[in-house]
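Student: So the protein sequences, as listed, match chains A and B. Residue numbers for the first sequence follow this note's numbering, so the first one is 1 and each next one is one higher. Residue numbers for the second sequence follow this note's numbering, so the first one is 1001 and each next one is one higher.
Errors might be hidden in some of the hints.
[What the hints assert, rightly or not] With a straight-line Cα cutoff of 30 angstroms, these simulated BS3-like cross-link-like pairs (lysine-lysine) come out:
no., chain 1, residue 1, chain 2, residue 2
1, A, K26, B, K1216
2, B, K1150, A, K336
3, A, K95, A, K26
4, B, K1240, B, K1384
[Claimed, not checked] Pair by pair, the computed Cβ-Cβ distance ranges are:
no., chain 1, residue 1, chain 2, residue 2, range
5, A, D345, B, T1027, 48 to 58 angstroms
6, B, D1345, A, D400, 17 to 27 angstroms
7, B, E1346, A, D219, 39 to 49 angstroms
8, A, A117, B, S1002, 22 to 32 angstroms
9, B, R1051, A, S120, 30 to 40 angstroms
10, A, M220, B, R1230, 54 to 64 angstroms
11, B, K1340, A, D56, 56 to 66 angstroms
12, A, A256, B, E1421, 29 to 39 angstroms
13, A, K95, B, K1340, 47 to 57 angstroms
14, A, T27, B, E1346, 41 to 51 angstroms
15, A, E348, B, Q1036, 34 to 44 angstroms
16, A, T27, B, E1421, 27 to 37 angstroms
By construction, these hints were calculated from the structure, which means they are not laboratory data. What you are looking at is a predicted structure, and each value in this text was computed from that prediction instead of being measured. Glycine included, C-beta positions come from ideal geometry on N, C-alpha and C.
2 protein chains.
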Amino acid sequence: MSGINIGLIGFGNVGSGVVRILRERKTLLGEKMGLQINIKKICDKNLQAKRNVSVDRSLLTNDPYEVINDPQIDIMVELMGGIHPAKEYIAQAIKKGKSVVTANKALLAQEGGELFALASGRGKTIHFEASVGAGIPIVKSLREGLVANKFNGIFGIVNGTSNFVLSQMATSNIDFSDALAQAKARGFAEKDSSLDIEGIDSAHKLVLLAYLCFGKLVDMKDVFVEGISRISLSDINYAKELGFSIKLLAIAKRQADELEVRVHPTLIPQGHLLSSVDGIFNAIYVSSDLAGELLFYGPGAGQSSAASAVVADIVELAQGLKAGLFRSTFNTVQDKLIRKLRRIDEIESRYYIRFMALDKPGVLAKIAGILAQAGISIASVTQKERRKAQIVPIVMVVHDAREKDLRACLSAIDRLGIIREKSVAIRIEEV
Amino acid sequence: MSGINIGLIGFGNVGSGVVRILRERKTLLGEKMGLQINIKKICDKNLQAKRNVSVDRSLLTNDPYEVINDPQIDIMVELMGGIHPAKEYIAQAIKKGKSVVTANKALLAQEGGELFALASGRGKTIHFEASVGAGIPIVKSLREGLVANKFNGIFGIVNGTSNFVLSQMATSNIDFSDALAQAKARGFAEKDSSLDIEGIDSAHKLVLLAYLCFGKLVDMKDVFVEGISRISLSDINYAKELGFSIKLLAIAKRQADELEVRVHPTLIPQGHLLSSVDGIFNAIYVSSDLAGELLFYGPGAGQSSAASAVVADIVELAQGLKAGLFRSTFNTVQDKLIRKLRRIDEIESRYYIRFMALDKPGVLAKIAGILAQAGISIASVTQKERRKAQIVPIVMVVHDAREKDLRACLSAIDRLGIIREKSVAIRIEEV
């Protein structure tokens, strides 16, 4: 049976999962593919760390060039993470004629333009199934399964940590900091959780999802990102009373000839499947023109689920290499309907708004008056029980409004003497 | 740009969708793949029917051998349906060196063994993405995306008609016949809906899903099939009170070294995503050992969604053919853990049971006594309001019991003078 040689850079959690699967499933994969995948070299800067897989000492190195420069290695698997030197290693491997598998969403979101172009120019591919939704085959589904489709939008719960925190707040009726502490205690959040909680990780994944759907690699600086650290338990509860869940949603959607790309806490109707995605699970909702509305759901992290995706990528590349396939994946083609990005100021959305106002006659009239002047119409309003002396929460849902107009109104309202805390506005997505 | 020629047999609803997509997306697909897909011949017995796509008269024929025998046609797309002569046409096309795309679940479930072996022996493949879940890329996901996984089970809502009927019963509080009439009025059920309602269509799809997960093409006669026509509104409502939805579920799951393959109405906990799948939507829940618990959701029928899947199959085959790939898909390998099928008598399950009993003292004691003697323990029991003179429904949930034992108990109980209607038992699946 013929064989394909791989070299691995990064022998951490996911890396050791990949090695374990390739070893334990060698026969199964061999039978399915009619070829063997051989691990020829594994590079990590720390070769002493304890791992749940043991490998022959001769495979190990801490010199990445033993992978990059080895002409017998067909596929380089990059699982070291970080931007530099991962980017340089990948670029060099491609120049040496290798195909690449990576789970490095941050790298591809920030430097993908250069790397994808380099690979494409050399007839090579960079596979990245594990970088979004771990073991959920969303990259393959968008690229191959839905190859004939045009997309209206993609809506993802793609960060397990944030989703766990929001779910815990809602189900255990606890505030943000307690829920985050629980996530850390249970190993669902890192010590520095800001990348997850502030939406950056979701934004990296969104850039890749938008690239797959719309063929456009959006610059990270053009992605609007707002995390969940300012979501209060009271907003979760008020939203629930209104029939909504709050989720950190990564959204890329086409509106006429513009593309919106944004990550933020979002009210989702409780009847929608996305609102039932709890805990560390991920789900990606896809609106396509032929196949319709689809949802892909599964664990968004974990050693074996991410490794499952990495191995699927290796297998696909290996199968293509065996056949001498020039390019084992499709070209990414930009959606010709899209002319430009729509900035967050220009989006139109329904909003949930909470004002903390003095409990005095005429307050609501003043607020409503400012909104009315801007042409923003109110769908529902409830004055809640008084929480502190003289201050009452007023919870409102407004019909479609332009973000810029709404923000201007909120600034004006917040300057009124009757408002005692910065008003909160959360976008509602009908999905 | 090089080209791949296809021939189509069956120019009905899905067939005309495929032709429309291949034409309207010719540029897009060409850019993505670097090759053109040309429709060389379209065969249908009725060439006069009105279709929402117009094609050059010279492409049309009613002789299938103009497709089968044309050496320039690389891929035959079979969308005529039925077992014969579709089977013979596919076999002949493979013998003539063609690869095949089909949406014909009934054919593959019944005759797949012969056809898959024929294709495999000739280095050809039969692609069938559209045969399960229409545009949901479930076949590709199981075969490629989850290539390294072993599966514990697969649980599918795979018949949109049945799911619509059950959803309507639950949400509109109407009985089976009214819900079925609504399905027919809205075009979601055929005039003869028995294939859908009695679970046969689900069983066809289940055979294919089990084949993909466990590598074993189970004989249709070994699939336990029970439809939804005997589900009463009262059972739906009692189940709801107990925290369950009733869905027609297609289940293939491994229990130790045995495989269970069955289709039947099933109580699913309301917290589970599958219980929220309503209307004509399909969803397939996959339990895999590496990627974890996954759900794939989308419309289960429709011209463009099925055609989306057919085109994806054509594209995948065309890409492989372009590269001279011997076989563009993986071999199916039987799960070595599985030694035999478990018959329905031998399964273990929790059950929902409804007895219609005389409203007399001692009735419950007699029922419970018979169950206790068989070692079946009761999890909960409720005596409902009396519905007819002297007759009360007793609704019970029992802990895990062997089907054979439970059936024996129900027979014994039904023979008691105190029972006035055949008792109803519905399996509960924890998923």
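Student: If a hint holds in the structure, say so; if it doesn't, say that too.
Tutor: Checked hints:
no., hint, result
1, A/K26 <-> B/K1216, "20 angstroms, holds"
2, B/K1150 <-> A/K336, "41 angstroms, violated"
3, A/K95 <-> A/K26, "29 angstroms, holds"
4, B/K1240 <-> B/K1384, "14 angstroms, holds"
5, A/D345 <-> B/T1027: 48 to 58 angstroms, "34 angstroms, violated"
6, B/D1345 <-> A/D400: 17 to 27 angstroms, "58 angstroms, violated"
7, B/E1346 <-> A/D219: 39 to 49 angstroms, "60 angstroms, violated"
8, A/A117 <-> B/S1002: 22 to 32 angstroms, "24 angstroms, holds"
9, B/R1051 <-> A/S120: 30 to 40 angstroms, "39 angstroms, holds"
10, A/M220 <-> B/R1230: 54 to 64 angstroms, "57 angstroms, holds"
11, B/K1340 <-> A/D56: 56 to 66 angstroms, "39 angstroms, violated"
12, A/A256 <-> B/E1421: 29 to 39 angstroms, "59 angstroms, violated"
13, A/K95 <-> B/K1340: 47 to 57 angstroms, "54 angstroms, holds"
14, A/T27 <-> B/E1346: 41 to 51 angstroms, "30 angstroms, violated"
15, A/E348 <-> B/Q1036: 34 to 44 angstroms, "40 angstroms, holds"
16, A/T27 <-> B/E1421: 27 to 37 angstroms, "54 angstroms, violated"
Violated hints, in rising order: 2, 5, 6, 7, 11, 12, 14, 16; the structure is consistent with all others.
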